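Engineer: Chain residues, written in single-letter form:
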Amino acid sequence: MKRGDNLLFEGLEWFLGPGDALVLNGPNGSGKSSLLRVIAGLLRPTAGIVKWGDAAVHKAEGYRDAMHYLGHFSAVKPVLTVSENVRFWSDLNGGVEIETALDSFGLKDIQDSPGRLLSSGQKRRVALANLVAVPRKVWLLDEASTGLDGQSVQALLSAINLHRDKGGLLVAATHGELDLGDAKEITLGGGTL
Amino acid sequence: MKAWWAVVRRDLTISGRRLSDAVAVVMFFVLAVVLFPLGVGPELEILQRIAPGIIWVAALLAAMLSLDQIFQSDADDGSLDLLVLAPIPLETIVLAKCCAHWMVTGLPLILAAPILGFLLNLPAIGHVVMLITLVVATPTISLVGSVGAALTVGARRGGVLVALLILPLLTPILIMSVSAVDLALVGLNYVPLVLLLLALFLVSVVLCPLASAAALRLAVE
Chain A
30 MKRGDNLLFE GLEWFLGPGD ALVLNGPNGS GKSSLLRVIA GLLRPTAGIV KWGDAAVHKA
90 EGYRDAMHYL GHFSAVKPVL TVSENVRFWS DLNGGVEIET ALDSFGLKDI QDSPGRLLSS
150 GQKRRVALAN LVAVPRKVWL LDEASTGLDG QSVQALLSAI NLHRDKGGLL VAATHGELDL
210 GDAKEITLGG GTL
Chain B
60 MKAWWAVVRR DLTISGRRLS DAVAVVMFFV LAVVLFPLGV GPELEILQRI APGIIWVAAL
120 LAAMLSLDQI FQSDADDGSL DLLVLAPIPL ETIVLAKCCA HWMVTGLPLI LAAPILGFLL
180 NLPAIGHVVM LITLVVATPT ISLVGSVGAA LTVGARRGGV LVALLILPLL TPILIMSVSA
240 VDLALVGLNY VPLVLLLLAL FLVSVVLCPL ASAAALRLAV E
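For the record, the sequence lines run as chains A and B. Position 6, counted from 1, in the first sequence is what this note's numbering calls 35; the numbers after and before it change by one each time, with no gaps. Position 118, counted from 1, in the second sequence is what this note's numbering calls 177; the numbers after and before it change by one each time, with no gaps.
Simulated from the structure, these hints should not be mistaken for lab results. Among the hints, erroneous ones may be present.
To be verified - One side only, chain B facing chain A, incomplete, derived with CB under 7 Å:
1. 134
2. 145
3. 148
Stated by the list, open to error - Simulated restraints on C-beta separations:
4. A:123 - B:276: 19 to 27 Å
5. A:77 - B:273: 47 to 55 Å
6. B:264 - A:41: 26 to 34 Å
7. B:61 - A:90: 18 to 26 Å
Keep in mind it's a predicted model, so treat the numbers as computed, not measured. Heads up, the beta-carbon is just placed ideally off N, CA and C, and yes, glycines get one too.
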């Protein structure tokens with residue numbers, strides 16, 4: 030995978046089945062986010078292929094219905110309230126469990142606050158609530174625990190465990206804040222900027 | 060369909076809570092038109108002669124003010140990534156956003172136009188045809204504008220760039236709309252021009268979402 034003339038990583042190969050988790054390690058700029066965007070289908074790899082079933086992810090039928098991508102930004106609209114934010118993404122993606130989702134990340138108390146009043150950790154929790162609101166097989170998390178307090182990290186871990194128990198897949202870029210036990214690991218090399 | 064409405068409703072709610080943006084567009088439209096009698100002088104005949112052109116040019120420029128916002132705020136807060144990855148096609152999301160954009164900017168312009176026509180001494184038939192052209196052609200402005208907005212996502216001073224990209228493409232609309240009103244004022248048949256405007260609208264409904272969606276996919280790479 031290249032960004033500009035900069036070779037980020039090459040020679041990666043992995044397979045994930047139901048309940049599997051993959052953790053991406055590596056220093057800043059090593060390409061964790063780029064790899065996640067490749068897996069999400071937002072970015073085309075310079076060479077190689079990421080497959081869902083038999084087809085490449087950007088073409089695979091049903092992949093978008095099966096995948097959650099959570100990037101650096103939390104996609105929280107400043108003028109909408111917390112519950113409106115969660116409800117929009119859940120309406121768009123065909124979700125049902127808004128109440129559970131708000132509950133599981135402790136957002137009940139602030140569900141009527143507008144997005145502009147939230148701290149970055151609270152915005153992160155809103156984004157995480159979107160994962161729970163729409164049940165999907167694959168979670169792609171890009172440093173999902175950034176800005177979260179200890180309690181919310183625990184909530185995230187238990188949400189992840191529940192997700193994996195149901196047969197869900199997880200790919201997470203992290204700096205080690207999330208202890209996922211038996212997860213496979215890929216360590217990306219240093220960025221050569 | 061539920062997802063489609065969710066996008067329209069979200070954009071309308073956001074605009075509703077940021078009313079100043081929409082009001083600024085209409086105020087610009089009104090002020091730009093009101094300045095002309097002050098600059099040109101109060102001769103009613105001259106004003107009547109140039110009224111269709113002034114109103115249409117002002118409407119076009121006013122619409123430019125709001126175009127760069129269609130996708131930029133979504134790109135800034137990461138919503139765009141999720142919209143691109145949403146299970147419904149990106150083209151339909153673009154169409155929903157254009158629809159909401161038109162309701163927030165096109166519709167108020169249409170509502171304000173009769174008052175301005177009155178100020179410029181536009182005769183009754185002129186009012187009617189002016190309204191028809193605005194109703195038929197302002198959606199096209201939103202649609203073509205969305206392509207410019209999508210192409211300039213992430214660009215600095217995107218607003219100016221959008222205007223530079225889009226205004227040349229919209230000149231046929233300006234010419235046909237103003238001509239239609241002029242024809243009506245001298246009692247000639249204006250219907251063919253309105254039908255041409257309608258055709259342009261139908262073509263852009265089909266093509267513009269495709270182009271915008273392609274540009275947005277490039278923008279998130």
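Engineer: Hints broken by the structure, by number, lowest first?
Structural biologist: Hints 1, 3, 5 and 6 contradicted; others consistent.
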